[in-house]
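S.K.: One-letter residues, chain by chain:
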Amino acid sequence: MGITLDAKTPSGPIEDQWNNHKFSVKLVNPNNKRKFTVLVVGTGLAGAAAAASLAQLGYKVKVFTFHDTPRRAHSIAAQGGINAAKNYKNDGDSVQRLFYDTVKGGDFRSRESNVHRLAEVSVNIIDQCVAQGVPFAREYGGLLDNRSFGGAQVSRTFYAKGQTGQQLLLGAYQALMQQVGTGACELHTKVEMLDVVIKDGQACGIVVRDLATGEITSHSGHAVLLATGGYSNAFYLSTNAMNCNVTAAWRAHKRGAAFANPCYTQIHPTCIPASDEFQSKLTLMSESLRNDGRIWVPKLAGDDRPPGQIPESERDYYLERIYPSFGNLAPRDVSSRAAKRMVDSGHGIGTLHNGVYLDFSEAIGRLGEPVVRDRYGNLFDMYQRITDENPYQVPMRIYPAPHYTMGGLWVDYNLMTTVPGLYALGEANFSDHGANRLGASALMQGLADGYFVIPSTISDYLAGLLGNPVVPTDDPAFTTAESGVRDDVARWLAVGGSRSADHYHRELGKIVWDYCGMSRDRTGLDKALSEIPALREEFVTNVRVPGGAGVNQELEKVQRVADFFDLAELMCRDALEREESCGGHFREEYQTDDGEALRNDDDFCNVAAWEWSGNPSEPVKHVEPLEFEYVKLTQRSYK
Amino acid sequence: MQLKLKVWRQDGPEAPGRFETYDAVDIKPDMSFLEMLDVVNNRLVEAGGDPITFDSDCREGICGTCGVMIDGQAHGPWKGAATCQLHMRAFRDGDTIVIEPWQAAGFPIVKDLMVNRASFDAIVSSGGFISADTGAAPDANEIPIPKPVADSAMDAAACIGCGACVAACPNSAAQLFTSAKLAHLNLLPQGQAERFKRTEAMVETMEQFFGSCTNHGECHEACPKEIPLDFIALMNRDYLKSKLKNRKLAGQVFP
Numbered sequence: 001m002g003i004t005l006d007a008k009t010p011s012g013p014i015e016d017q018w019n020n021h022k023f024s025v026k027l028v029n030p031n032n033k034r035k036f037t038v039l040v041v042g043t044g045l046a047g048a049a050a051a052a053s054l055a056q057l058g059y060k061v062k063v064f065t066f067h068d069t070p071r072r073a074h075s076i077a078a079q080g081g082i083n084a085a086k087n088y089k090n091d092g093d094s095v096q097r098l099f100y101d102t103v104k105g106g107d108f109r110s111r112e113s114n115v116h117r118l119a120e121v122s123v124n125i126i127d128q129c130v131a132q133g134v135p136f137a138r139e140y141g142g143l144l145d146n147r148s149f150g151g152a153q154v155s156r157t158f159y160a161k162g163q164t165g166q167q168l169l170l171g172a173y174q175a176l177m178q179q180v181g182t183g184a185c186e187l188h189t190k191v192e193m194l195d196v197v198i199k200d201g202q203a204c205g206i207v208v209r210d211l212a213t214g215e216i217t218s219h220s221g222h223a224v225l226l227a228t229g230g231y232s233n234a235f236y237l238s239t240n241a242m243n244c245n246v247t248a249a250w251r252a253h254k255r256g257a258a259f260a261n262p263c264y265t266q267i268h269p270t271c272i273p274a275s276d277e278f279q280s281k282l283t284l285m286s287e288s289l290r291n292d293g294r295i296w297v298p299k300l301a302g303d304d305r306p307p308g309q310i311p312e313s314e315r316d317y318y319l320e321r322i323y324p325s326f327g328n329l330a331p332r333d334v335s336s337r338a339a340k341r342m343v344d345s346g347h348g349i350g351t352l353h354n355g356v357y358l359d360f361s362e363a364i365g366r367l368g369e370p371v372v373r374d375r376y377g378n379l380f381d382m383y384q385r386i387t388d389e390n391p392y393q394v395p396m397r398i399y400p401a402p403h404y405t406m407g408g409l410w411v412d413y414n415l416m417t418t419v420p421g422l423y424a425l426g427e428a429n430f431s432d433h434g435a436n437r438l439g440a441s442a443l444m445q446g447l448a449d450g451y452f453v454i455p456s457t458i459s460d461y462l463a464g465l466l467g468n469p470v471v472p473t474d475d476p477a478f479t480t481a482e483s484g485v486r487d488d489v490a491r492w493l494a495v496g497g498s499r500s501a502d503h504y505h506r507e508l509g510k511i512v513w514d515y516c517g518m519s520r521d522r523t524g525l526d527k528a529l530s531e532i533p534a535l536r537e538e539f540v541t542n543v544r545v546p547g548g549a550g551v552n553q554e555l556e557k558v559q560r561v562a563d564f565f566d567l568a569e570l571m572c573r574d575a576l577e578r579e580e581s582c583g584g585h586f587r588e589e590y591q592t593d594d595g596e597a598l599r600n601d602d603d604f605c606n607v608a609a610w611e612w613s614g615n616p617s618e619p620v621k622h623v624e625p626l627e628f629e630y631v632k633l634t635q636r637s638y639k
Numbered sequence: 001m002q003l004k005l006k007v008w009r010q011d012g013p014e015a016p017g018r019f020e021t022y023d024a025v026d027i028k029p030d031m032s033f034l035e036m037l038d039v040v041n042n043r044l045v046e047a048g049g050d051p052i053t054f055d056s057d058c059r060e061g062i063c064g065t066c067g068v069m070i071d072g073q074a075h076g077p078w079k080g081a082a083t084c085q086l087h088m089r090a091f092r093d094g095d096t097i098v099i100e101p102w103q104a105a106g107f108p109i110v111k112d113l114m115v116n117r118a119s120f121d122a123i124v125s126s127g128g129f130i131s132a133d134t135g136a137a138p139d140a141n142e143i144p145i146p147k148p149v150a151d152s153a154m155d156a157a158a159c160i161g162c163g164a165c166v167a168a169c170p171n172s173a174a175q176l177f178t179s180a181k182l183a184h185l186n187l188l189p190q191g192q193a194e195r196f197k198r199t200e201a202m203v204e205t206m207e208q209f210f211g212s213c214t215n216h217g218e219c220h221e222a223c224p225k226e227i228p229l230d231f232i233a234l235m236n237r238d239y240l241k242s243k244l245k246n247r248k249l250a251g252q253v254f255p
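Chains as they are written, first to last, in the numbering used here: chain S, 1 to 639; chain R, 1 to 255.
These are calculated hints, taken from the structure and not from any lab test. Hints should not be assumed to be uniformly reliable.
[Said to hold, decoys possible] To give an idea of the interface, some chain S residues facing chain R are shown, with a C-beta separation under 8 angstroms as derived from the structure: (1) Gln-56; (2) His-74; (3) Gly-92; (4) Gln-128; (5) Tyr-140; (6) Leu-170; (7) Met-177; (8) Met-242; (9) Glu-277; (10) Gln-279; (11) Ser-280; (12) Pro-546.
Note that CB positions come from ideal geometry on N, CA and C, so glycine has one too.
Given only the sequences and the hints, what does the whole structure look like? Please build it.
M.R.: Here you go:
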């Protein structure tokens, strides 16, 4: 079909590519910028930063969020920090090292050119955020503090208490609200994007549903930016917010945007295990806890004694045992899988045997309780509030949970999808993290895309449209898309089945978690690929959506769940066809003798970009080969 | 646990509201309050009923989306916790729980327990920012910021914009919210250039939507982030100064 994957990687030495590219793109002169309307969907870090920056440049911006205010986006929940190659600590960090760490951490499944650009602009992000008033942690001399995070060998992580995502998002939100106040940017809250409108092969607008009134309307623009986040909620239980969904990205996919590497999902090692089947979401405990906590399980499978009664000699500090050099700080994918192996082999702890211990008694003995309280007090309080257990006295129970998705809409170097005029930013795209994202890099990528990449690349496309008015919303392209959305709404309201959308979401999530979670194999994936369509069949005929076309949260859910069904199938197919293990994608069949991920660089050093065929079970695969010129392909080892 | 819920139901902004009673059966003490509502809603949906509309998102107390009055208290009985962080072990078997939306003219009801808090956005967009267009920033370490200043700014910036302060206030005043944003920006060196313009604009925008502060302190008691009342004093001082300073800028008074 019509998809060609041209990454538009600039030529020249990698350290010059971004500058050369900025010089070579077409520009729109300042007086002409106001002639262009840009639609931005999503107001997390990437969306708010892009909307604010484009409005500052003089473009007419319309921004859309399904929240009641842009400040609610789930970027706000990021705890740990944001990486930048500032080398303020004089510990040998550099753009080159952040680039290298990110490519290696992504297990060699990202584009070198994109990652290098990310490392370059990381330093500008910190400058920008400080200028906006983001209250990063400081040393007593007044300079910025840094910490080492997620196993990095240098201290390059900037943070604002345990609320870095909140503070960065508020910075971007405030910049956005300033533009809204001046009229440069038009804000639409409580609206959900349900379709992308394409005319003559180019994205020309969107169809949205107002969640506070039920009204369905169209908006036209010269370009559409999707900054709508990731799809971890395909697992039902994840650390994502309740409303995080794949609908905007999926509707774009159905309109021709290729979806890349959907099987690359990240499972965060330190979350609070589920307590019962009505659990609505999982809570993440900051990874920083692994700096002082020791992870263990009883050596004896099925040992149900309280942790205090299990003597040292009968405990297995398995991360320290298997990975002596990294120990409890082993990367996310490695520690998550190790925890799963422990639980699967019967060593799980707690009444449901679904966790491992994270024990601070050694740290409390070494540092004293006041120091531990100072470092982790808020996290300990949060844990106690949820579990009613005091982590100063008994070890925390933790278990991995879906957290972030590296896959997403395929984009080129300009962040444009395979549909001209349609862009994807932040977690919604696939580009920079490869098969595994490093800690404190999500915030960096979201803001890089929004503040620095898109404002420089979008003009290359818009310049070619100078003089073209936006497509009017009474054009058949819009009216057809709108009536499609209306028909969908009517169809869901008319099903009249007996089970809730949540019920099917939970059932779907179990399949995806069991067969396409922390480790996958052919048998399980084949099973998932037959179970998902069967469950979908039941879902579309037996779901019950009460209420009408006005405010209706069940109607919102059912449409999101429908898209998760299609996406889940694609995740499993992608996982099945990627016959290797890399980063967050671990196939049981492809591992080294000591159980580590075994890549197959001969056959799978590539991006799998899937094209929608009209049938969720028959997607078309396209491949973008990846070349590594600057970082040598090596086996990751954290021993 | 077996509980009774008395829940405010209202079909739309203009529609009359009423309390409806629901049984919440087989509730586990480890459930969060909103999971309890999920269970009740799920049963309502599958029994052919109309589920209760309420807002929530992150369910870990940081996004500020959730918030209801529980037995007359904003976010319920636990101090320093948002509604989503409240767990059912806060209640006793057999309790009747009264659940109402935030009630304030500045927060019109959308449906049931869901309210519209766009007034908070209006306050921020009137001045709750530091003008720093993307790309123009100097090196981040150019301006040293004393740690106590950065820490105070962070304490103020911790506000999640949930609106509990307004809901808890007998006057429906938004002083705690507005002063937290002002303190965050006005304490920092980067925020000085626009300090008094910002203060005047935000306070006066606030007054278009919300009542006056009469020092009850209920806002602080209800605040899930326990934002200190001191920031209100700082705002009042800066507002007074702004009335002089801003005239000075207009050339009406000598320095």
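S.K.: At a threshold of 8 angstroms, is the proposed contact between S:Glu-277 and chain R supported by beta-carbon distances?
M.R.: 10 angstroms, violated
S.K.: Taking 8 angstroms as the limit, does the beta-carbon of S:His-74 come near enough to a beta-carbon in chain R?
M.R.: Constraint on S:His-74 satisfied, holds at 6 angstroms.
S.K.: Using 8 angstroms as the Cβ threshold, decide whether S:Ser-280 counts as touching chain R.
M.R.: The hint holds - S:Ser-280 has a Cβ within 8 angstroms of chain R, the shortest such distance being about 5 angstroms.
S.K.: Against chain R, is S:Gln-56 within 8 angstroms by beta-carbon distance?
M.R.: This hint holds: S:Gln-56 lies near chain R, its Cβ roughly 5 angstroms from the closest one there, short of 8 angstroms.
S.K.: Quick check on S:Leu-170 please, does its C-beta sit within 8 angstroms of some C-beta on chain R?
M.R.: With a minimum Cβ separation of about 7 angstroms from chain R (threshold 8 angstroms), the hint on S:Leu-170 holds.
S.K.: Against chain R, with CB atoms and a cut of 8 angstroms, does the hint on S:Gln-279 hold up?
M.R.: 7 angstroms, holds
S.K.: Does S:Met-177 pass the interface hint, meaning its C-beta sits closer than 8 angstroms to a C-beta of chain R?
M.R.: Holds: closest Cβ of chain R sits about 4 angstroms from S:Met-177, inside 8 angstroms.
S.K.: Restraint: S:Pro-546 near chain R, CB-CB cut 8 angstroms. Satisfied or not?
M.R.: Holds - the Cβ of S:Pro-546 comes within 8 angstroms of chain R, reaching about 6 angstroms at its closest.
S.K.: Close enough to count: is the Cβ of S:Tyr-140 nearer than 8 angstroms to one in chain R?
M.R.: 5 angstroms, holds
S.K.: Can S:Gly-92 be said to touch chain R, with a Cβ gap under 8 angstroms?
M.R.: 18 angstroms, violated
S.K.: Is the shortest C-beta separation between S:Gln-128 and chain R less than 8 angstroms?
M.R.: OK, holds: S:Gln-128 within 8 angstroms of chain R, min 5 angstroms.
S.K.: Holds or violated: the hint that S:Met-242 contacts chain R, with Cβ atoms closer than 8 angstroms.
M.R.: 5 angstroms, holds
Checked against the numbered hints given earlier, this structure breaks hints 3, 9; the rest are met.
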